[in-house]
Amino acid sequence: MKLPARWRAYRRLRITRMGRAYLLVTVGVGIGALNTGNNLLFLVLGLMLAIVVLSGVLSERVVRDLEVRRLLPEGAFAGDTFRVRFEVAKTKDRGFALQIVDEVLGASAFLPQVHGSAMVSAVAKAPARGPLALSRVRVSTLFPFGLFEKIRDMDVPQVFTIWPRPQQFPVEILEGIPATVDGRTRMRNGDGDLAGLRDLAALEDARRVHWKKSASALKLLSVERDREDRSQFVIVLPAALLGSQLELACSGAALVTIQLLGRGADVGLMASGTHIRPSHGRAHQGRLLTALAYVGCTQ
Amino acid sequence: MKRLLVVRDSAAAVAFGSVALTGTVPLWCSAIVVVALGLSLVGVHPLARQRRWTVLSLLLVAVGLVVLTFRGYLELPVAAVSFTALVLAHRLAGAPGASTDAQVLLAALLLTAGAATLSGDIWFALCLVAFTFLSCSFLCLSILSAHRTDAAPALRQVGVGMIAAVIGACVFFVVFPRVSWNLAARRGGPGVLGQVTGLSDRVSLTGSGNIKTNPRAVAKVKIEPDPLVRELGAYWIARRLTQFNGTAWLPESSVVGRGLTIDVAPPTASDVIQTVEILPAYGSPTLVAIAQPTRFTGAFGLSASGQVPIALVRGVGDEVHFAADFPQYSYRARSSSRVRADEPQSDLLTLPPLDKRIASLARTIVGDATEPHVRALRLETYLKRNYSYALDLDGDVQSPLANFLFDSKRGHCEYFATALAVMLRSLDIPSRVVIGFYGGSRVGDRYVLRAGDAHAWVEAYVPGRGWETLDSTPDAGRAAQPQPFLLALSDLVLSIEEAWRSRVVDYAFADQAELARSVARTVRPLSFPGLPNLPRNALIYASLTLVVIVIAARIGRRSEKKPRHPATKFLDAFLRRLHRVKLAPEKSDTLDAVAERLSRQHHPLAGAVDVARRRYFEARFGRVPLRRGEARWLLKSFDAAAARHRATRSRERRTS
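Chains as they are written, first to last, in this note's numbering: chain A, 177 to 475; chain B, 9 to 664.
No false leads were slipped in.
If you anchor each label on the Cβ, the simulated ranges turn out as follows:
1) B/Glu660 <-> A/Val399: 25 to 35 Å
2) B/Ser107 <-> A/Gly204: 18 to 28 Å
3) B/Ala561 <-> A/Gly204: 27 to 37 Å
4) B/Ala172 <-> A/Gly204: 22 to 32 Å
5) B/Asp600 <-> A/Arg374: 17 to 27 Å
Hints listed in this document are in silico derivations from the structure and should not be mistaken for laboratory results. Here the structure is a predicted model, which is why all the values come from computation and not from measurement. A virtual CB, placed ideally from N, CA and C, is assigned to each residue, including glycine.
Start from the sequences and build out the full structure, keeping to the hints where you can.
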């Protein structure tokens with residue numbers, strides 16, 4: 177039975193090797209003091225116990241009043257390393273020697289001191305394609321004496337998209353995929369003269385946003401500029417693909433997407449009920465890769 | 009890194025110092041540790057690469073120490089502490105690293121625990137507190153040192169915490185019940201300063217009197233009834249010397265009696281009772297008491313195993329000394345103010361061949377007086393008035409007494425006593441030299457005898473009057489003559505040591521019970537109508553403790569306010585507005601999720617939320633800071649949109 181969140185212990189304590197030795201000596205001194213009645217041993221024992229209490233109090237002050245925010249890139253290719261940033265905010269006092277670990281990502285970073293807010297980054301490796309559900313971030317500290325490690329698990333739920341790793345199609349799969357040309361669409365998403373303002377579409381590049389007009393209209397407005405004609409492609413993934421074939425297909429589609437967009441073409445996608453109109457640009461590439469990451473995922 | 013190692017080595021040095029000051033650690037062991045410390049402080053670690061054979065040699069030393077202990081050459085606590093010290097030296101000489109540092113500090117911690125069993129001095133407390141601060145500072149710095157960061161705030165926190173920890177340790181010490189019989193801590197040896205008393209077994213006229221300037225306390229005495237004077241000005245008799253060889257008064261080693269109680273004269277009801285504690289610096293086994301001692305009893309030798317009753321031995325001339333060797337003793341003595349009238353037991357008129365001028369001078373001084381008492385007084389007065397007191401004397405002379413009387417005319421108390429005794433004997437008045445102490449200054453509720461109070465005077469037998477005390481030393485030369493600053497310092501140290509011993513080392517269950525009774529005692533009960541009497545002391549203590557805790561918490565909570573990032577401030581303000589319109593993200597939601605949800609729902613404020621969200625991220629992480637007034641303008645726009653949304657909804661509700 178899982179206890180309610182407020183009842184579960186939100187601090188854990190790990191005794192370091194030196195802490196174990198220290199506790200052993202404390203017990204020895206305590207036994208000696210009780211056995212002999214030597215007042216000076218009582219003095220030593222009192223001081224050693226006070227150090228243990230002080231260690232607990234100071235480490236609690238470090239992990240208390242702490243907020244951690246995980247800042248991830250838009251996505252990462254499966255098997256590649258990427259940089260994850262943690263924003264740590266300490267609303268009261270200072271924090272020292274903070275170790276921040278995201279076990280799901282396998283990323284860990286060390287923050288020697290935080291007062292107010294601070295940013296620290298770590299390198300992680302993206303596992304398999306698909307949405308990666310991130311939940312907890314573990315914050316721990318050895319402060320002040322390195323005898324005990326106080327650990328606090330913080331709930332920072334987030335979903336991170338891992339894109340399929342761009343890979344060459346096996347020939348037999350390529351033959352099975354028809355290429356569909358969708359014809360020309362809008363001519364007003366180029367870099368030429370100003371043509372007008374329109375609503376910003378979902379997942380569209382935010383650099384086209386006209387901020388002042390958007391604030392006045394209370395909605396995001398994108399600037400339309402004339403563009404030159406581009407070649408258009410739509411990548412279609414058959415619904416029947418499963419397992420390793422699906423992975424290969426997604427990897428190949430990712431490679432094709434990148435290559436075509438790199439040549440200036442408009443690329444679209446049709447897969448598993450997802451239809452993305454052909455477009456170009458970095459943001460559009462992100463949308464396509466994200467859609468490929470979600471192909472075949474039931475959650 | 010080097011500075012960090014200095015902190016570590018300082019902690020180790022202080023821990024070793026707490027043991028070394030007891031004077032019980034073998035010299036060779038101390039030398040090894042000092043060398044290892046010195047090398048480590050200058051950054052030399054000779055055993056950095058050689059570990060195996062040095063560990064083997066440590067094991068051999070351990071076996072050697074065990075053998076010495078079983079053979080009785082070393083006590084077990086001393087052997088254990090010595091081995092720990094060698095382990096400390098071994099680790100100091102090893103390559104610095106995380107595990108080595110931990111081992112050094114653990115060995116140092118064990119040394120301080122060992123010092124608690126070997127020492128009873130207040131130096132131990134100072135070393136313990138210093139070691140605690142240094143080692144905790146080192147541990148804190150070592151956690152942060154690998155990363156370039158300002159460690160001052162961390163050290164400040166740890167420093168304040170350490171003060172609280174020391175206070176907490178004191179409270180624990182006072183409150184924790186003493187369930188076993190309290191054995192007094194081992195009384196230390198004379199320590200590194202050694203024994204200094206001028207009380208030797210003979211009086212020789214060939215030395216200087218430098219001891220007179222030494223303020224070290226050698227004995228503490230509690231007197232009943234308490235005379236309540238600041239300076240006692242009493243003669244404390246240790247030994248009587250009767251044989252003079254021309255340059256020195258020699259002791260007689262015959263034993264007259266032995267027992268736990270020695271009566272040197274019949275005790276009386278009006279005797280002054282002294283409880284004497286002989287300190288390690290005393291350096292002599294002879295007991296001392298105010299003139300004229302009648303009884304010595306209740307002698308204990310103080311050691312690691314507690315108080316051990318020891319027998320007393322009586323020698324010739326009523327000298328009493330301890331039958332066993334201990335660094336410290338305690339005993340009780342009784343003294344009578346009555347003049348002793350017992351006939352002289354030995355030949356107290358014998359003189360060696362001396363300068364004939366001495367006898368002639370004696371006859372000249374006494375003149376026509378025939379009464380022995382008057383003669384004695386004239387001799388005493390003459391010497392006191394015509395000779396000066398001096399400590400810096402010339403080197404060895406052929407006839408020191410003749411030189412004193414006829415040439416230099418200056419000397420210390422031994423010269424004055426010798427001259428008086430010789431001249432008395434030359435006039436057929438039996439006399440002897442007495443050595444002991446003169447003085448006694450009050451510190452707390454006891455009287456302290458200092459090394460510089462050592463003194464020599466004369467007892468002369470006058471038929472019909474008994475033994476008279478005669479002191480021909482000028483008044484200024486009798487008691488100790490330390491520098492005033494040294495005297496004040498010595499008194500302060502004595503007071504602190506006395507408080508340390510009574511309130512810490514000898515703190516027992518009875519003291520705890522008394523403390524509990526005093527807290528609960530209703531001296532002047534606080535009574536409120538309808539309420540039972542409240543213990544005043546307990547309330548006062550509790551209130552004071554509460555006040556201290558509140559003040560400490562306020563001081564601890566006061567911290568520098570660092571301004572937050574402007575984008576974060578904007579985000580906080582925006583989140584407050586979202587909360588007002590009931591769109592605030594829940595605990596597990598991010599702002600991204602909120603914006604996405606509102607967009608899916610086609611909420612009228614979705615656009616405004618999206619604008620604010622994107623602008624925050626740009627300003628916080630995208631290096632496009634908010635322009636002046638932009639945050640306020642964005643918030644005002646959102647407020648206006650929210651107001652319009654509210655107005656629209658209320659219109660729709662009225663219409664429906």
